[in-house]
Amino acid sequence: MTAPVLLRDFETFAANGGGSGPSWLLPLRRQAIDRFAALGFPTPKNEDWHFTSVVPIAEGSFRAVPDAPARSVRLGRADVEAFTFGRPDWIRLVFVNGRFDASLSGGATPPTGVTVTDLATAWHEQPDVLERYVGTVADFQRTAFTALNTAFMHDGAAIQIAPNVELETPVHLVFVSTPEAAGTASHVRTLVVAGHQSKATVIESYVSLGGAKGYFTNAVTEAVLGDGATLTHVKLQTESEQAFHVGTLQAHQGRDSHLVSFSYAAGGELARTNVYTRLAGEGCGATLHGLYLLDGQQHVDQQTRIEHASPNTFSREVYKGVLDGSSHGVFNGQVYVRPEAQKTDGKQENNNLLLSAQARVDTKPQLEIFADDVKCTHGATVGRLDELALFYMKSRGIGAEQARKLLTYAFAAGVIEAVGVPEVRAELEALTLRRFTGALAGS
Amino acid sequence: MSSSIENLVNREYKFGFVTDIEADTIPAGLGEDTVRAISAKKHEPAWLLDWRLKALRRWTTMKEPHWGNVRYEPIDYQDQVYYSAPRTAKPLGSMDDVDPKLREAYDKLGIPLKEQQVLAGVAVDAVFDSVSVGTTYREQLAKLGIIFCSLGEAVREHPDLVRKYLGTVVPYSDNFYASLNSAVFSDGSFVYVPPGVRCPMELSTYFRINAANTGQFERTLIIADTGAYVSYLEGCTAPKRATNQLHAAVVELIALENATVKYSTVQNWYAGDEEGRGGIFNFVTKRGKCAGANSKISWTQVETGSAITWKYPSVILQGDNSVGEFYSVAVVNHHQQADTGTKMLHLGRNTRSNIVSKGISAGQGNNSYRGRVFVGPKAAGARNYTQCDSMLIGNRCGAHTFPYIEVGNDTAQVEHEASTSKIGEDQIFYLQQRGISKENAVSMIVAGFCKDVFKELPMEFALEAQQLLGITLEGSVG
Chain L
1 MTAPVLLRDF ETFAANGGGS GPSWLLPLRR QAIDRFAALG FPTPKNEDWH
51 FTSVVPIAEG SFRAVPDAPA RSVRLGRADV EAFTFGRPDW IRLVFVNGRF
101 DASLSGGATP PTGVTVTDLA TAWHEQPDVL ERYVGTVADF QRTAFTALNT
151 AFMHDGAAIQ IAPNVELETP VHLVFVSTPE AAGTASHVRT LVVAGHQSKA
201 TVIESYVSLG GAKGYFTNAV TEAVLGDGAT LTHVKLQTES EQAFHVGTLQ
251 AHQGRDSHLV SFSYAAGGEL ARTNVYTRLA GEGCGATLHG LYLLDGQQHV
301 DQQTRIEHAS PNTFSREVYK GVLDGSSHGV FNGQVYVRPE AQKTDGKQEN
351 NNLLLSAQAR VDTKPQLEIF ADDVKCTHGA TVGRLDELAL FYMKSRGIGA
401 EQARKLLTYA FAAGVIEAVG VPEVRAELEA LTLRRFTGAL AGS
Chain P
1001 MSSSIENLVN REYKFGFVTD IEADTIPAGL GEDTVRAISA KKHEPAWLLD
1051 WRLKALRRWT TMKEPHWGNV RYEPIDYQDQ VYYSAPRTAK PLGSMDDVDP
1101 KLREAYDKLG IPLKEQQVLA GVAVDAVFDS VSVGTTYREQ LAKLGIIFCS
1151 LGEAVREHPD LVRKYLGTVV PYSDNFYASL NSAVFSDGSF VYVPPGVRCP
1201 MELSTYFRIN AANTGQFERT LIIADTGAYV SYLEGCTAPK RATNQLHAAV
1251 VELIALENAT VKYSTVQNWY AGDEEGRGGI FNFVTKRGKC AGANSKISWT
1301 QVETGSAITW KYPSVILQGD NSVGEFYSVA VVNHHQQADT GTKMLHLGRN
1351 TRSNIVSKGI SAGQGNNSYR GRVFVGPKAA GARNYTQCDS MLIGNRCGAH
1401 TFPYIEVGND TAQVEHEAST SKIGEDQIFY LQQRGISKEN AVSMIVAGFC
1451 KDVFKELPME FALEAQQLLG ITLEGSVG
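Residue numbers (our numbering), protein chains in the order written: chain L, 1 to 443; chain P, 1001 to 1478.
It is worth saying that the hints were derived from the structure and are not from the lab.
You may find that some hints are simply not true.
Keeping only pairs whose Cα atoms sit at most 20 Å apart, straight-line, the calculated SDA-like set for lysine to any residue is [claimed, not checked]:
1. P:K1422 to L:T238
2. P:K1378 to L:K343
3. L:K375 to P:D1174
4. L:K45 to P:G1448
5. L:K45 to P:K1378
6. L:K375 to P:G1068
7. L:K213 to L:T238
8. L:K343 to P:N1395
9. L:K347 to P:K1422
From a predicted model like this one, the values you see are computed outputs, not experimental measurements.
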């Protein structure tokens, strides 16, 4: 997937019509690929990629196959049951190797005022809405992977919530990769438009099936929050440990809106999640939580950028990491306060737990402040399990391994508690427990 | 803004005078000839010239770094004068032989070169442009075996020591400015404290840039042998000039087993005028190496001057149980920009480091803390605590924090805390309500904010630092 190959792939793709879509789409794709050609793949010299080398992705042979026929792989509902943990009445869209699969999707019918469509359909059914928003929030001028996604985006979801509508049932997007995905890149794109005073929950799961490996997911989700809107976004990244993942959530927030994001990352050989939001309207805010649990040779990078661009905005951020084996975790949290964003209230915290002598963590909490009447703090810690706590538990008759598990779980549970949707919380608890049981069984 | 504050704002930089003194200056420009000329003027041995030339050749292959959070017009390195020395006929026999004009200059700065006037217990090495013009208290120190002289003298009189340690902490290839310094460094201080000796007085160097269009490239080398202790102070000023002047210094500290080096700086180079014209570009590489077990290096800095500061006093914690400390107050006002912080490299077992950084931004100044805490795989039991707080005064300034925390050992414990806030209006209100004027209230709050750092300064400096801070911030609160 070296850059020249990608550029050639794009020309072939464009010559074939650039996928089907409205007339404005191809010029947008062209703009994005030109930008990608100028940017190239990021190198560690790029400050945002200082601790993460994307060489395995850049040198890998992942081909974007935007015009591949949908449903080349047949899965049954039973195959994906394990990933559809929510209640049956959730609105569910399932994508197999980046393609929408109607037979696996379903759940509740969206109520009046809410449309949930796969992107390929949306291009035809709601071209105006898409034209208005696609590519306006997810910034491809600065971010190479977003540029790549914009050039090749083929499927995904378009979610619209009309003003004043409160959507009770979550929308669950499940992106499944199968062994057939090997050697390919899927550039999935999701657009969420939350009208003013609306409320919605969107959950994205990135999972793999049947020993899938050697694929690359490059997902972009852009979200527009109208005045007073509340959007809860949960991302569960449990890709194959021999796969690559780059995922970006980028939001633009109106007055008094609230973005609640939770990012769980436990999969991927090399995985990166970006959560970017622009607090554009007065009084809006973002609550970002994250949990990363790594083992083996994994390299997982979590990035956040909160741009306070208006007065009286707030941000709350807690990211926790547990690192075992020879894994390498990275956290980079930027809080940027513009001169006009007076009365900004920002809090950021990153805690890392090292479980093995070979594990490594690089953390960089970053404050850039240009307004004077602000209250911003950040904290970062790296350490291991408290010897005294372990000793205490042993003295109470709890075995060393059990004590380790309990304390590690308790560390992670602190951030899971912040998740509002009970089913998601239960799933996260189960995932976390499984992760530690598996990780500790061998030790 | 009250009129009395306005008057204070417009008050001139106290140290902005120019001393009219005949100087021995080489032509502007940089090439092998320049380096050879400097080396010849200083009657240096061949090994040092070779080292300088290696550095120069390396420098020509390097690119000026631009990753710092500072903006400035490009520097023309060929338009700088790399050597300027006050012309003196003969070598100095005693301090009384110092040119009266120079002595006058130092008297104006409040640095007495006459020993009887020296504050009890401080020995001073005065560096004027490119050369050291005099060092006090040398004889008393020599009785204890302590060597305190200019680096130029040390090269001549103690070549073995200089050769053994020069460039071992900051190699000539280290970075763009360090290489430049290695090629053209003119003078600086040299300190060697022999095993088991506790230096009885504070050692101090006073740097003064005088000549126009001249860069100052001093190099300081301090070695504390096994079990030794030394505390060293550095002060700096420069005249007011409309053009920018370059200052690219290198400081190397070496602490052997059980030794302690304490290095304090009050940096007050000319910062430029209110419009940001002129001022010193302060691009400095300072690094210490805790080479032996149980050694300790402590940096304390008060940065109030310079148009641009690019400076990261660091400690390599190589010896087991060694300790690194960094205490910093950095103040920017008007158009000043500071990108400063520290690096703590934990390599040995049970190494500890403590970082306290206080940034104050006023006017249109931009202040960045950039720090790196690195824990290597062998640094079992390493411990770091970092606290960096920023205070903003006015809404056109900026405060930024860029901490890099890289941990590769699971027994390490690293904590980082930072906060940024406005100077508390409720605090000012409370103090005013107790009958304290607004200006005094602000200076009290600022002094309280910086207390953790000031208490680390030697007494002589603490007072000066407090006053300096007051002057720098005057008029920034309306």
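Results for each hint:
{"no.": "1", "hint": "P:K1422 to L:T238", "result": "violated, 42 Å"}
{"no.": "2", "hint": "P:K1378 to L:K343", "result": "violated, 44 Å"}
{"no.": "3", "hint": "L:K375 to P:D1174", "result": "violated, 38 Å"}
{"no.": "4", "hint": "L:K45 to P:G1448", "result": "violated, 39 Å"}
{"no.": "5", "hint": "L:K45 to P:K1378", "result": "violated, 27 Å"}
{"no.": "6", "hint": "L:K375 to P:G1068", "result": "violated, 25 Å"}
{"no.": "7", "hint": "L:K213 to L:T238", "result": "holds, 12 Å"}
{"no.": "8", "hint": "L:K343 to P:N1395", "result": "holds, 11 Å"}
{"no.": "9", "hint": "L:K347 to P:K1422", "result": "holds, 15 Å"}
Hints 1, 2, 3, 4, 5, 6, counting from the list given before, are not met by this structure.
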